[in-house]
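Enquirer: Please model the complete structure; the sequences and the hints are all you need to start from.
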Amino acid sequence: MAIVVSTLNNPWFVFLAERAAAKAKELGYESKVFDSQNNTSLETDHFENAISSGYDAILFNPTDADGSVINVKNATAAGVPVFCMDREINSTGAATSQILSDSYSGCVTIAKYFVETLNKKGKYVELLGLVGDNNTWNRSKGFHSVVDHYPGLKMVAQQSADFDRNKAMEVLESILQANPDIEAVFCGNDAMAMGAYQALVAAGKSDKVKVFGFDGAEDVVKSIQDGKIKATGMQFPEVMAQTAATMADQYFKGKRDFPKKMPVAVEMVKKDNVGNYAAYGKK
Amino acid sequence: MKKTIRYVASLVLVAVVAYNSVYFKKLDEVKAGTASFDAAKYAAEFWTKKLPPHTTKAIKIGQLLTLLQTDKDKAFADYSHALGIGNVKYFLVKGSGTVQTVEENQVLVKIESEREKPEVIVATEYIFGNAVRDASGEIDIDEFTNSMDFNNVSAEINKIIREKVIPPFRSKVKSGDKIDFIGAIELNKEHLSTRSIEIIPVSLKIAD
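Protein chains in written order, with this note's numbering: chain A, 18 to 300; chain B, 487 to 694.
Hints in this document: simulated from the structure, not taken from any laboratory. Heads up, a few of these hints could be off.
Claimed, not checked - Here are a few chain A residues that sit away from chain B, every Cβ distance over 12 Å (derived from the structure):
#	residue
1	Ala38
2	Lys42
3	Asn56
4	Lys171
5	Glu200
6	Pro276
7	Ala296
What the hints assert, rightly or not - In silico SDA-like pairs for lysine to any residue, Cα to Cα no more than 25 Å straight-line:
#	chain 1	residue 1	chain 2	residue 2
8	A	Lys129	B	Ile607
9	A	Lys137	B	Pro654
10	A	Lys277	B	Asp628
11	A	Lys137	B	Ser682
12	A	Lys140	B	Lys691
13	B	Lys645	A	Asp165
14	A	Lys287	B	Glu589
15	A	Lys137	B	Lys660
16	A	Lys277	B	Glu589
17	B	Lys558	A	Asp289
18	B	Lys691	B	Glu629
Quick reminder that beta carbons are idealized off the backbone N, C-alpha and C, glycines included.
Expert: This is the structure we're talking about:
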């Protein structure tokens, strides 16, 4: 099995890839991890390599909801089934199945807590992930489907930080110059939440500004315990990786009727329930 | 003269090419929803046609709470729905009870059941999430091209509840009222807590 992952520069995706490889091994298959480095052209090269090298299935974490479709179609046309993990492609027929976190619903839950915590008023910033990724918009839209009902909550800036910690720090530092009176930051992933928190520490505002993330990464779970981050949406990458590898195994054994999309529930983690969770959904 | 015309023509050409090559869009306009899908229409049909047959079969909340204590697995297997994998499941429930307090965001109700008389929260402010969409088990995610369409359905269903169910109830309800309710609840199978069950209402009636 080829495991093609959007980036190994983020520990969350490293964990996803490792778990997929571990499950493949457990099921008796060889696997190799390919890092697309958030670059769709590099991803195309990996797909071409995987197809020509004779891999029998691709467990895939796409770089771009639209840009990755062609890679999936090429693999499928070559008889190689593709199982998408965590990130969606904008085509129902191309992949054999897509196992996706229910990001929208997770962010609806976080947003409700966000509104309650801010008591329906205050200025806030939203840091978006990669603009070509559906998860970015599923999370943002889930968040705004709640927050936008409250006119007292004013979004003073909405900028992309590409799901990247350093970029989030730089972006928020810049935003803080013009908006020193914000009360909260909603981040589309935990890496950006940690970057935002660093920027707030540097500006001496970490006690006043509430940070909300998404993913359930190790440092954020610990930061919730320490009271530094308010909440995150716990995803279950191991469940997604194991389901993808198991589906590939079932495919090799003749199964063909897979659900085109398999949502995986996201659970909100905050101070009063953080004891139930460890990083990446582990217990 | 000819040179001037050529320069002007070249400049116009460059300007036209440049104008048509660069587009500026606000980030929040770049949304992945399918333009052809009408979530409001889908939600309206769900509300009037697909949901009613399921609400009549909703489990009594007292019965569900008892079953959760005695046989959690059976309660989840027989009465919950969820579209995918995970611990979060949704139930359609019904019941009657007495309003304890009317708060800014919710109404606290002591329900009538044979054994205990637990309190539940009827949400009147935060009508969000997928509880009503998913609790019936009626919607299939494969019907949708991408998940944004599917998510928009939830938002539209919740809008119907905010506009049709909440206002007539909220304007009249007061402490001590007897009410009948049908609604959807969310429970986490792995980390089950029945201490503060929140009902997203589908139907709310104040008894005369």
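Enquirer: For the pair supplied as a hint, A:Lys129 and B:Ile607, is the alpha-carbon distance within the 25 Å limit?
Expert: 15 Å, holds
Enquirer: Are the Cα positions of A:Lys137 and B:Lys660 separated by 25 Å at most?
Expert: 24 Å, holds
Enquirer: For the pair supplied as a hint, A:Lys287 and B:Glu589, is the alpha-carbon distance within the 25 Å limit?
Expert: Since the Cα atoms of A:Lys287 and B:Glu589 sit roughly 24 Å apart, the hinted pair holds (cutoff 25 Å).
Enquirer: Would you say A:Lys171 is clear of chain B, with no C-beta pair closer than or equal to 12 Å?
Expert: 14 Å, holds
Enquirer: Could you let me know if the closest chain B CB is still more than 12 Å away from the CB of A:Ala296?
Expert: 16 Å, holds
Enquirer: Would you mind confirming whether the straight-line C-alpha gap from B:Lys691 to B:Glu629 stays at or under 25 Å?
Expert: With Cα atoms ~33 Å apart, B:Lys691 and B:Glu629 exceed 25 Å; violated.
Enquirer: Are the Cα positions of B:Lys558 and A:Asp289 separated by 25 Å at most?
Expert: Roughly 23 Å separates the two Cα atoms, so the pair holds.
Enquirer: Please work out if A:Lys277 and B:Glu589 have their alpha carbons no farther apart than 25 Å.
Expert: 43 Å, violated
Enquirer: Sort out whether B:Asp628 lies within 25 Å of A:Lys277, counting only the CA atoms.
Expert: Judged against 25 Å, a Cα distance of about 6 Å means the pair holds.
Enquirer: Is it correct that the beta-carbon of A:Ala38 has no partner in chain B closer than or equal to 12 Å?
Expert: A:Ala38 is indeed farther than 12 Å from all Cβ atoms of chain B, at 20 Å.
Enquirer: Holds or violated: A:Lys137 and B:Ser682, Cα atoms, limit 25 Å.
Expert: Given that 25 Å is the threshold and the Cα spacing comes to 22 Å, the pair holds.
Enquirer: Has the given pair, A:Lys140 with B:Lys691, been kept, meaning a C-alpha gap of at most 25 Å?
Expert: Roughly 38 Å separates the two Cα atoms, so the pair is violated.
In summary, the numbered hints that this structure violates are 6, 12, 16, 18.
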